[in-house]
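2 protein chains.
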Amino acid sequence: VSGQTLSPEEIGIGMRISIHPHADDFERIILRAIKETNRALNLDDPGMGLEISTGEVSTYVGVKSGDAAQQLAAYAATLIHAASMEADGQHLTSHILLSRGCPGEAACELAPGDIPADKPVFLARSGLDVTAAWSLYPMADNGAPHMEPIMAAIEEAKDAGLTVTSEHYATIVRGDLSNVLAVLVDAWAKVGQYVPHVVSHLSLSLNSPSAKRAGDAT
Amino acid sequence: VSGQTLSPEEIGIGMRISIHPHADDFERIILRAIKETNRALNLDDPGMGLEISTGEVSTYVGVKSGDAAQQLAAYAATLIHAASMEADGQHLTSHILLSRGCPGEAACELAPGDIPADKPVFLARSGLDVTAAWSLYPMADNGAPHMEPIMAAIEEAKDAGLTVTSEHYATIVRGDLSNVLAVLVDAWAKVGQYVPHVVSHLSLSLNSPSAKRAGDAT
Chain A
119 VSGQTLSPEE IGIGMRISIH PHADDFERII LRAIKETNRA LNLDDPGMGL
169 EISTGEVSTY VGVKSGDAAQ QLAAYAATLI HAASMEADGQ HLTSHILLSR
219 GCPGEAACEL APGDIPADKP VFLARSGLDV TAAWSLYPMA DNGAPHMEPI
269 MAAIEEAKDA GLTVTSEHYA TIVRGDLSNV LAVLVDAWAK VGQYVPHVVS
319 HLSLSLNSPS AKRAGDAT
Chain B
119 VSGQTLSPEE IGIGMRISIH PHADDFERII LRAIKETNRA LNLDDPGMGL
169 EISTGEVSTY VGVKSGDAAQ QLAAYAATLI HAASMEADGQ HLTSHILLSR
219 GCPGEAACEL APGDIPADKP VFLARSGLDV TAAWSLYPMA DNGAPHMEPI
269 MAAIEEAKDA GLTVTSEHYA TIVRGDLSNV LAVLVDAWAK VGQYVPHVVS
319 HLSLSLNSPS AKRAGDAT
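Protein sequence lines, in the order shown, are assigned to chains A and B.
If you're matching positions, the first sequence starts at 119 in the working numbering and goes up one per residue.
If you're matching positions, the second sequence starts at 119 in the working numbering and goes up one per residue.
In case anyone wonders, no lab produced these hints; they're calculated from the structure.
These figures come from a predicted structure and were not determined experimentally.
It is possible that part of the hints are untrue.
Within a straight-line C-alpha distance of at most 20 angstroms, the following computed EDC-like cross-link-like pairs (lysine to aspartate or glutamate) qualify [as the list claims (entries may be wrong)]:
| no. | chain 1 | residue 1 | chain 2 | residue 2 |
| --- | --- | --- | --- | --- |
| 1 | A | K330 | B | D163 |
| 2 | B | K330 | A | E145 |
| 3 | B | K182 | B | E204 |
One side only, chain B facing chain A, incomplete, derived with CB under 10 angstroms [stated by the list, open to error]:
| no. | residue |
| --- | --- |
| 4 | T123 |
| 5 | M203 |
| 6 | T211 |
| 7 | A250 |
Quick reminder that beta carbons are idealized off the backbone N, C-alpha and C, glycines included.
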């Protein structure tokens with residue numbers, strides 16, 4: 119295969135996303151947020167580049183064609199923003215699993231240099247502050263040290279103006295929802311140019327009581 | 119270093135866990151569940167083998183000494199069970215990140231055979247049905263194919279009597295809360311005997327509306 123001509127679907131690029139409103143009417147909030155996201159991104163048009171299916175634990179968003187990182191980041195930002203508006207200040211969390219490559223997909227067989235680069239994500243500022251626990255997993259089978267791309271990605275997140283701190287097993291990133299998603303989705307896509315199978319997990323928190331209390335104290 | 123004499127703390131074994139009651143009184147549910155877990159597992163005794171600190175996104179549970187897999191699984195099972203009792207049938211999710219090894223910890227330097235084996239987990243049946251989205255990431259730097267231990271772990275989960283299905287980027291596991299946690303924590307610990315740095319993410323869902331509707335239909 120010549121990797122440069124592969125579509126996102128052939129590479130196996132997509133995500134799983136769940137949103138968790140901490141509210142009794144969570145079903146209404148989730149369903150309205152999904153409807154608003156479909157409307158805002160015109161996803162009911164069969165020509166759009168996403169394949170979406172909702173399971174019991176989370177929703178799969180696969181990219182069939184087009185700019186993969188941009189489409190995934192826009193879907194996540196729009197869904198979380200819409201849910202936050204519906205939740206009207208109540209605590210909300212979201213979990214996102216970004217994945218490229220194996221198993222089964224063509225990218226398993228690809229070598230660095232064979233994989234098409236993704237365009238950087240652009241998202242308009244959301245006005246929502248989020249805290250994210252970020253994990254990045256380059257699954258290289260060629261014996262390359264896996265911590266190097268992780269450390270490089272953390273430096274880039276700092277350079278992008280996000281507040282970045284280290285905790286056990288995760289990097290904590292704070293900033294505007296759009297900026298956090300753009301930087302972290304870009305970091306994952308960038309590692310994907312060199313490591314065929316790369317996964318990232320993001321746990322986002324909005325309007326948490328502990329963040330509100332910390333805000334009160336300043 | 120002789121890996122066989124390393125403590126769980128020196129290897130760097132622990133988890134991050136969050137619970138998400140989909141309820142207006144989520145703070146009460148979480149705080150009471152934590153209190154009940156501390157009481158049930160006697161965690162206020164400074165001689166216990168866990169170090170626990172709560173952050174904005176999740177709670178870190180590090181193992182200082184003793185049987186690491188058993189203590190982590192027992193903490194997660196007790197916390198989720200207590201939260202589910204407090205939530206009284208309302209939808210609840212939990213996210214768990216299990217990690218062993220790098221960065222910074224001694225296990226980064228260890229070779230297979232140098233790492234002490236963990237005892238299998240035993241948990242009493244909970245009576246709670248859960249659905250889990252399961253990811254396992256062996257971060258080998260020696261060029262070993264990373265998909266092999268994942269496929270072996272999936273086969274073992276099936277042999278353990280869990281309902282196991284594949285979705286994009288995650289394996290879906292259904293069963294009793296205790297059985298699911300025991301099998302998935304054991305799978306992660308077992309890979310850790312051969313791969314110094316191994317991470318697993320579990321997204322658990324209890325009493326989801328879609329599961330309830332599926333139950334109604336049968």
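Evaluated hints:
With a C-alpha separation of about 31 angstroms, the suggested pairing of K330(A) with D163(B) is violated against the 20 angstroms cut-off. The hinted pair formed by K330(B) and E145(A) meets the criterion: a straight-line CA distance of about 13 angstroms does not exceed 20 angstroms. With a C-alpha separation of about 29 angstroms, the suggested pair K182(B) and E204(B) falls outside the 20 angstroms cut-off, and the hint is violated. This hint is violated: T123(B) has a C-beta 23 angstroms from the nearest C-beta of chain A, more than the 10 angstroms allowed.
With a cut of 10 angstroms, the hint placing M203(B) at the interface with chain A is violated, because the nearest CB-to-CB distance is about 18 angstroms. Against a cut-off of 10 angstroms between C-beta atoms, the interface hint on T211(B) holds, since the closest Cβ of chain A lies about 6 angstroms away. Here the hint on A250(B) is kept, as its CB sits about 7 angstroms from the closest CB of chain A, short of 10 angstroms.
Of the numbered hints listed earlier, those contradicted by the structure are 1, 3, 4 and 5.
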